[in-house]
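This is what each chain is made of:
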Amino acid sequence: MTYIVKPKNHHPLLERNNLGLTRRDYEGAVSTLCAGCGHDSISSAIVEACFQLSIESYKVAKLSGIGCSSKAPAYFLNQSHGFNSVHGRMPSIATGAAMANHELLYLGISGDGDSASIGIGQFVHCARRQLNMTYIVENNGTYGLTKGQFSATNDLESKSKYGDDNLFPSIDLPSMAIQLGASFVARSFSGDKDQLVPLLKAALSHKGFSFLDIISPCVTFNNHNTSTKSYDYIREHNDSLSRPDFVPSGKEIVTEYKTGTSIDVPLHDGSLLSLEKLSENYDPTDKIKAIQNIQESQRDGKVLTGLLYADPDAKDLRDILNVSDKPLNEMDRKELCPGSEKLEGINAGLK
Amino acid sequence: MNKINSINDFVIKFANVNGSGSASANQMFAKGVFRSGIPVSPKNIFPSNIQGLPTWFEVRVNEKGYLGRRDGIDIFVAMNPQSYQNDVSELKENGYLIYDSSWKRDFGRDDINIIEIPLTELCVKEFTNPKQRLLFKNLGYVGLLASILKMDKDIYVSLIEEQFRGKEKLIEPNVKALNIGYNYAEENFKDFCEIQVEKSNKTDGLILTSGNDAAGLGCVYGGATVCAWYPITPSTSLAESYSKYSEQLRVEIGTDKNKFAFIQAEDELAAMGMTIGANWNGARAFTATSGPGVSLMSEFIGLAYFAEVPTVLFNVQRGGPSTGMPTRTQQSDILCSAYASHGDTKHVLLIPSDPKECFDFAVEAFDLADRLQTPVIVLLDLDLGMNDWSTKEFEWDDSREYDRGKILSRDDLDEIERFGRYLDVDGDGIPYRTYPGTHPEKGAYFTRGTSHDEYAGYTEDGTKNAEMLSRLLKKFQTASSLVPAPVFNQEKNTSSMGIIYFGSTDCAMQEALDNLQEQNIKIDAMRLRAFPFNLEVWEFIEDHDLLFIVEQNRDGQMRTLLMAEGGIIPDKLVSILCFDGQPITAEHITDKINAHLSGKPVMAAS
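In order, the protein sequences belong to chains A and B.
Quick note on the numbering used here: the first sequence kicks off at 1 and runs consecutively.
Quick note on the numbering used here: the second sequence kicks off at 1001 and runs consecutively.
If we strip away everything but chain B, and leave its shape as in the complex, we get:
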């Protein structure tokens, strides 16, 4: 039998039953590889359910640092008989199948290598507690993997010790479970597997964390003091991360009181209302949600836009439309975020592509919201938000100050003859604001969503209202010079073809670009990081005859946004789309480009 042979480059997939404790064991496997010095990209592919349905966990191990999904599974740890049939068909020829042979099974494939381990029998023999008998099967296969991949078992022992610090009693049975699998493999499958994990140093300077965790931490560093939110997958863990880090880092010494308020609202409307109320009153506040929440918040987003109240919203996108696929990934809320709410509205979008950037853009979002006095929406997606990524370490410059924007103090107000909340004093479209309670006689104004003049007074004078709308547009133009610039893959453009991408697609794109280069296809690449688009975006488009736009939605929403905002002719922009809820692969991108270049039309497909 032939065997796949590789060092530090493979995809392993786990099939489990959800609610069986497998995710933390699978996570531990991934972390063990990361600690061996090889970048990993674990992806939890889970159902919208708590217990009993099939769930999968994919880990790509790649020394070059390619973190995008890759089709074709090299090792399958099949622990769920419900999904055996499909699972086994995903395994590549000459790949390895690991299954619980307490119940023997013929999988009908003679082109794969089967590793049998009677996990249930072994656990029943070693443990008496029925819960442990079930749970420890997971660590059993982690132990087996450590052996067959020739990994350092002590890494997993340390991970167990760290996980149960403070609950030392649990360390011994967990290590025992790990050893059950490890020892069984040492005895029965020594040197069987030709895929190996070899220690490396490619994770120096990297950490393993999720975008939601990073963004929540970024909110703490960015000075957010109020978080109002409503639970919704996949954004919940972002709010929870803020709460976790705030409890660690933001409790007053002496009084034990919180330098933050964390409020679970009754719905997304209230979450957004609280966020606006707190920002209006001078605290930095944010909310986190996903597509359905954005729909509910839209009325309030329009109020914040028109009344010019700073607001930060994280939209961790999931599969839509409607309730859609709550536990799968998409980039399909671009238009509904950019133009959220009725009437003429446009919003600043920040689009991070990895957890490190989630941290940075969370901080940036508060500065921009305060500076521009408008909603800032940070667009993540489920893949980036909920999965752990091998990402650069977080950094903080202690000399960095918060930019609170144009706020008038009591002394400032004393100097001013008449305060006008919506006067464009500086000509950049951004007016000055006051916090309630600043001055006994000056600076009070009425915040409203109705048409208003420069002094915040209600008006039905259409000309005045048109002036106000035009000034908001001017402010949006100012925004385009303040938001993060795009990132270019090349120092100088060398091709007549370009590729535009953004967000979590970045990891697949790096691999795709390398592959295209190997195929001698010259193509320049630009990663968008914000809306409104700045000048460099338009220059890049101007410089190329043909542009591919890679996005994870059906309608090519970013393409539409570029056409609408820049008047780009449709023929120039070719969509490469993926909307099956799975993160896009490099192969998908290169295939579509090759197909287009060979004259075959690019079909919207998955």
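Excised from the complex, chain A in its bound form:
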């Protein structure tokens, strides 16, 4: 994870957002991932989403585990604190951090090895606790840093670069996330920026556990013609549920979709995710149907993408634990220490 600082020369005519910042202000260090890696496209989609949402970078905490995906936080949002933790354990770090200060935006970047194998327990319980964060799995079906072993999201019919058969069925993380109680679940493809950016914007605006499974081909170890996570395969088999459009709060909703073909998902901050329905049987607020849609498309050899499920009114962990509105990390001794008088009472009760 070499740390290369990019030169910062802004062209005077670069587009600026509401904060007066350009896209360049949301970038990170130069990526050291392989040329053509899907993860870099995701990083640039994150830059784009944060730019468009006028997010203050320093109010974001970007967290990751271990692996190629987990290097990615170094490549966007230079002004954010980052935490590259241990393999599969990003969710617990995020949980503790979010309890300390709920006012930051928590963006977790994980991979399929990190989330579907070593860290599956933490993924499961983080979703179940409905931590208010955006959790991205950059899913390439392989262990890149250790040179191409199968991961648990690799499809049974997929072969390795070296022709080995994959012996075990894949774990479908979005289905799991829906079952576990995640309140925003989407799948996308690193090569489909038009779909990915609005979904990212919606995920970042959603209150609760937002999960994004992003198929992100590994150009070095899993992009061959017997892989089901290659650029070609995904392009051919991508079955998009909807064409998303993100409408920020306060903006008039203008969609070009015909009546009856669009669905609006309201988000916590007042913004809307407007979806053009591509499938008749589509209702993103119906949990059971969402799982059915995923399984049917799997059976048909397709990769279902788009917003799969959303519960706009979900509670998050802080609501459930009834934690105060003032961030815990801002409370001082006067607010936290009960003092000597109370202690005398406790002493008296222990006699």
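One or more of the hints may lead you astray.
List of simulated lysine-lysine pairs, DSS-like, C-alpha gap at most 30 Å [claimed, not checked]:
1. A/LYS59 to B/LYS1259
2. B/LYS1153 to A/LYS351
3. B/LYS1104 to B/LYS1003
4. A/LYS351 to B/LYS1104
A few chain A residues that face chain B, going by a derived Cβ cut-off under 10 Å, partial list only [to be verified]:
5. LYS6
6. ASN9
7. GLU27
8. ALA29
9. VAL86
10. ARG89
11. ILE93
12. ASP332
13. GLU335
14. ALA348
Stretch-level coverage of chain A by chain B, calculated; a stretch enters the list once three of its residues show a Cβ under 8 Å from a Cβ in chain B [unchecked claim]:
15. 50 to 59
16. 72 to 80
17. 95 to 106
18. 117 to 128
19. 319 to 328
20. 336 to 342
These aren't lab readings, by the way, just hints derived from the structure by calculation.
All C-beta atoms, glycine included, are put in the ideal place defined by N, C-alpha and C.
We have chain A; now place chain B onto it with these hints.
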């Protein structure tokens, strides 16, 4: 028949079936003695089981304040026929055996005094509810004890009233049960027993509580706002104590919202991850666990050490290795705590010896963790953590501020040209840190467990990494001047022999030292309270030719740590060990010392 005769100095043991409600009755007996003004040390010796297996409860009553375990039972309340045979053999000659004579029994000993009470028959006669018939046998024998020991029965009536405050209906049948035993003894065993509890004032300024309860309260006073934990005996009640006291003391007036987050994690790994995440983000957070949990947390402990994130961990030690003896006590996680995790790591340890110190060190742990930006592990053990001790009252100085260590604010960052997370600006090995969300343009950095330079950037430059490791060592040296100093038994060393001990062994040691003095054996004593060892520790070792090191593990782990860290020659350090899962006794310590001095080798034994 001869009878043991004593006032305010005896050991009573209860044998029960676990899950029968006996522990709270036994606890009540102990508290009654405490309220009579005599220090007690109740010890619950329980199986890793919920219902049906034998369980014991030992109470040492000692006016001098000796709270360590003592072998030899003066009074045995044998309520479990499953364990009669062994139980009766533990009773001292001329001791007293109390048993439920609803089923008469010959115990085959003619050197003991037997007190028969048909508890089952009496309870069946007095109560109709089958549950009550069983449960109230326990209070029945408490009543009997109050009578034969000539205690003030009203103390127990008050304890019952306090226990059932808010559930007043339950007071009457409980008092009735107490009276069943009391009245039976008054009629049948008046003046029979020559052991007595006489009112005293030796508990003035003392409270009766456990180390876990005290440490949980200390975390509230120390400003901890996040507790992430996973259930494991014997640490569970520490986290629960934090939760209990937080609910009493930390709820916002007006909103009813919590000024704390209490999270039961999915495992110890997650518990430690949450603790690190919260501390990284500027909250004071802790977790509590026992040996197996420490093994699981070790990877994360290494991350916190290397990335320099403050972290507080309570390790309430139990019998190991592996799953070991989950409900028995040991001090056998010293090395695995001091050096937890792979690579070169060393951690600050705090070792309290009684509940009052558990409270104090809990508070201290957060200050040290923040000041040093490193994991601080507080080592308790099952005996200290789960049993009630007669301990000094908790104290708090309202002028005490929290030491949050070196944290840069937005204004501080404005003054700095370039922030370097791991720059040793002050030369003490401790760098400055920033919380996420502090400044729009400055102070952001990447926390990582990979090798990094002063600016937190990834590096594979071996020299840089070696520099970082050396600075961490320097920081550890700084730690040795900040951690609690050892406690000495003497103002000035007077002997060529010394004894080193720590933690819950303290109570047996006070008694052992008095006994040695009576035997005219001169020996200086030092109680360790922290790692890294500070200068006074090394001076004490330097000052003596021979040192006994008393610890409750097989391998002499503290001895190993002293040898490793101070280059002490092995011959100088003689181990006195106890690792049978029972708290060490004073007699064990004095016997081993006497054996060594008479030329017999000290065997590792129990």
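Looking at the structure, which of the earlier hints fail to hold? Violated: hints 4, 5, 6 and 7.
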